[in-house]
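Participant: Those protein sequence lines, which keep their order, are chains L and B. Every letter in the first sequence is one number past the one before it in our numbering, and letter 58, counting from 1, is 58. Every letter in the second sequence is one number past the one before it in our numbering, and letter 93, counting from 1, is 93.
One or more hints might be untrue.
Said to hold, decoys possible - Here are the simulated DSS-like pairs of lysine-lysine, each with C-alpha atoms no more than 30 Å apart in a straight line:
1. L/LYS53 x B/LYS81
2. L/LYS71 x L/LYS57
3. L/LYS18 x L/LYS71
4. L/LYS55 x L/LYS71
5. L/LYS3 x B/LYS68
6. L/LYS55 x L/LYS18
Claimed, not checked - To give an idea of the chain L side of the interface with chain B (calculated C-beta under 8 Å), a few residues:
7. LEU11
8. VAL12
9. GLU30
10. GLY40
11. GLY42
12. LEU43
13. LEU45
14. GLY63
15. TYR64
16. THR100
17. LEU103
18. PHE105
19. GLY106
20. GLU107
Stated by the list, open to error - Just the calculated beta-carbon pair ranges, DEER-fashion:
21. L/GLU30 x B/ALA39: 41 to 47 Å
22. B/ALA39 x L/PRO61: 44 to 50 Å
23. B/TYR70 x L/ARG96: 49 to 55 Å
24. B/TYR70 x L/LEU114: 39 to 45 Å
25. L/GLU79 x B/GLU56: 21 to 27 Å
26. L/VAL12 x B/LYS68: 32 to 38 Å
27. L/SER7 x B/PHE45: 37 to 43 Å
28. L/SER80 x B/PHE45: 31 to 37 Å
29. B/SER61 x L/LEU114: 35 to 41 Å
30. B/LEU74 x L/ASP26: 29 to 35 Å
31. L/LYS53 x B/SER94: 16 to 22 Å
32. B/PRO109 x L/LEU114: 36 to 42 Å
33. L/THR5 x B/GLY53: 35 to 41 Å
34. B/GLY53 x L/LYS70: 37 to 43 Å
Derived from the structure by calculation, the hints contain no laboratory data. Every residue, glycine too, gets a C-beta built ideally from N, C-alpha and C.
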Amino acid sequence: DVKVTQSSRYLVKRTGEKVFLECVQDMDHENMFWYRQDPGLGLRLIYFSYDVKMKEKGDIPEGYSVSREKKERFSLILESASTNQTSMYLCASRGRQGNTGELFFGEGSRLTVL
Amino acid sequence: GQNIDQPTEMTATEGAIVQINCTYQTSGFNGLFWYQQHAGEAPTFLSYNVLDGLEEKGRFSSFLSRSKGYSYLLLKELQMKDSASYLCAVRGGSYIPTFGRGTSLIVHP
Chain L
1 DVKVTQSSRY LVKRTGEKVF LECVQDMDHE NMFWYRQDPG LGLRLIYFSY
51 DVKMKEKGDI PEGYSVSREK KERFSLILES ASTNQTSMYL CASRGRQGNT
101 GELFFGEGSR LTVL
Chain B
1 GQNIDQPTEM TATEGAIVQI NCTYQTSGFN GLFWYQQHAG EAPTFLSYNV
51 LDGLEEKGRF SSFLSRSKGY SYLLLKELQM KDSASYLCAV RGGSYIPTFG
101 RGTSLIVHP
């Protein structure tokens, strides 16, 4: 079975802390994505990666960075957490465009910044 | 840019049929997806349309009209477990999917 695993389901951090959200997929997928999901706003794309060492900004990259050192792992970094980054963070992966190209999502990481 | 619009909330009765609409404006088009998301869980893939017409998969069907920028998800024989959010996502010219805000469906007995 396809599996996308996010390291932490729930985190509570303080303003100014550095936060790492980890995502691992076991499907040998090239593409990986980070979204945040907020009530009334839906899923918004933060960053994505086409392959190892590659990264592209999404619609709301400000305040975030990412790292893709290995194909299976895509990390989201909040250099200095702020209260407006309190949200649900969803990681997703996708294989090559040979089929429908649907996204496979992790269970999400709910981050609260105090 | 892309603009995707779907109703915020819908209610329906167990056993009934419900249609969730999605309209979109996009630069380039490479497919439309529907995902289901139960509260506290990950979104899961339901359907994909890239050509005009209806795709049927059990109790769920999805329709696409590219000329009208319009899709709908049709759920038949509603069950209580169908209570969830339904997310419409459009893959544009960049092959990156953009999501609508989601439709929360409440199925009551």
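Participant: Each hint should be assessed against the structure and marked as holding or not.
Facilitator: Hint-by-hint comparison with the structure:
Of the supplied pair hints, the one linking L/LYS53 and B/LYS81 is violated, its CA atoms being roughly 41 Å apart against a limit of 30 Å. In summary, the hint linking L/LYS71 to L/LYS57 is supported, as the alpha carbons are separated by about 18 Å, within the 30 Å threshold. Under the criterion of a C-alpha separation no larger than 30 Å, the hint pairing L/LYS18 with L/LYS71 is consistent with the structure, at around 23 Å. Between L/LYS55 and L/LYS71 the CA atoms are separated by roughly 12 Å; this keeps the pair inside 30 Å, and the hint holds.
Pair hint L/LYS3 plus B/LYS68 does not hold up; C-alpha atoms about 36 Å apart against a cutoff of 30 Å. Under the criterion of a C-alpha separation no larger than 30 Å, the hint pairing L/LYS55 with L/LYS18 is consistent with the structure, at around 20 Å. Because the smallest distance between the Cβ of L/LEU11 and any Cβ of chain B comes to about 16 Å, over 8 Å, the interface hint for this residue is violated. Annotation: L/VAL12 was flagged as interfacial toward chain B, and the flag is violated, the nearest CB pair being 17 Å apart, outside 8 Å.
Because the smallest distance between the Cβ of L/GLU30 and any Cβ of chain B comes to about 12 Å, over 8 Å, the interface hint for this residue is violated. Using the Cβ-Cβ criterion of 8 Å, the hint placing L/GLY40 at the interface with chain B is satisfied: the shortest such distance is roughly 7 Å. Against a cut-off of 8 Å between C-beta atoms, the interface hint on L/GLY42 holds, since the closest Cβ of chain B lies about 4 Å away. Interface restraint check: L/LEU43 against chain B, minimum CB-CB distance 4 Å, threshold 8 Å, status holds.
Taken as an interface hint, L/LEU45 checks out: its beta carbon lies about 7 Å from the nearest beta carbon of chain B, inside 8 Å. Among the interface hints, the one on L/GLY63 is violated; its C-beta lies about 20 Å from the nearest C-beta in chain B, farther than the 8 Å criterion. The beta carbon of L/TYR64 is not positioned within 8 Å of any beta carbon in chain B (closest approach about 16 Å), and the interface hint is therefore violated. Because the beta carbon of L/THR100 sits about 4 Å from the nearest beta carbon in chain B, less than 8 Å, this interface hint is met.
For L/LEU103, the shortest C-beta to C-beta distance to chain B is roughly 7 Å, which falls under 8 Å, so the interface hint holds. Proximity of L/PHE105 to chain B holds as hinted, the smallest CB-CB distance being about 4 Å (cut-off 8 Å). At about 6 Å, the closest approach between the beta carbon of L/GLY106 and any beta carbon in chain B falls short of 8 Å, and the interface hint on this residue holds. The beta carbon of L/GLU107 comes within 5 Å of a beta carbon in chain B, closer than 8 Å, and the hint placing it at the interface holds.
For the pair L/GLU30 and B/ALA39, the supplied restraint of 41 to 47 Å is violated, since their beta-carbon distance comes to about 31 Å. Separation of B/ALA39 from L/PRO61 is about 28 Å and departs from the stated range, judged on CB atoms against 44 to 50 Å. Distance hint check: the CB atoms of B/TYR70 and L/ARG96 are about 29 Å apart, inconsistent with the given range 49 to 55 Å. The supplied range of 39 to 45 Å is met by B/TYR70 and L/LEU114, whose beta-carbon atoms lie about 43 Å from each other.
The hint said 21 to 27 Å for the Cβ distance between L/GLU79 and B/GLU56, and at roughly 47 Å that hint is violated. Between L/VAL12 and B/LYS68 the CB atoms are about 46 Å apart, so this pair departs from the stated range of 32 to 38 Å. Taken as a hint, the range 37 to 43 Å is violated for the pair L/SER7 and B/PHE45, whose Cβ atoms sit roughly 23 Å apart. Hint check: L/SER80 to B/PHE45, Cβ distance near 35 Å, so the stated range 31 to 37 Å holds.
Taking the beta carbon of each, B/SER61 and L/LEU114 are about 45 Å apart, not inside 35 to 41 Å as hinted. At about 34 Å, the beta-carbon gap between B/LEU74 and L/ASP26 stays in the expected band of 29 to 35 Å. Our hint of 16 to 22 Å for L/LYS53 and B/SER94 holds, since their Cβ atoms are close to 20 Å apart. Distance hint check for B/PRO109 and L/LEU114: the Cβ-Cβ separation is about 40 Å, which falls inside the suggested range of 36 to 42 Å.
The hinted window of 35 to 41 Å between L/THR5 and B/GLY53 holds, with their beta carbons roughly 36 Å apart. Look at B/GLY53 against L/LYS70: about 41 Å separates their beta carbons, and that is inside 37 to 43 Å.
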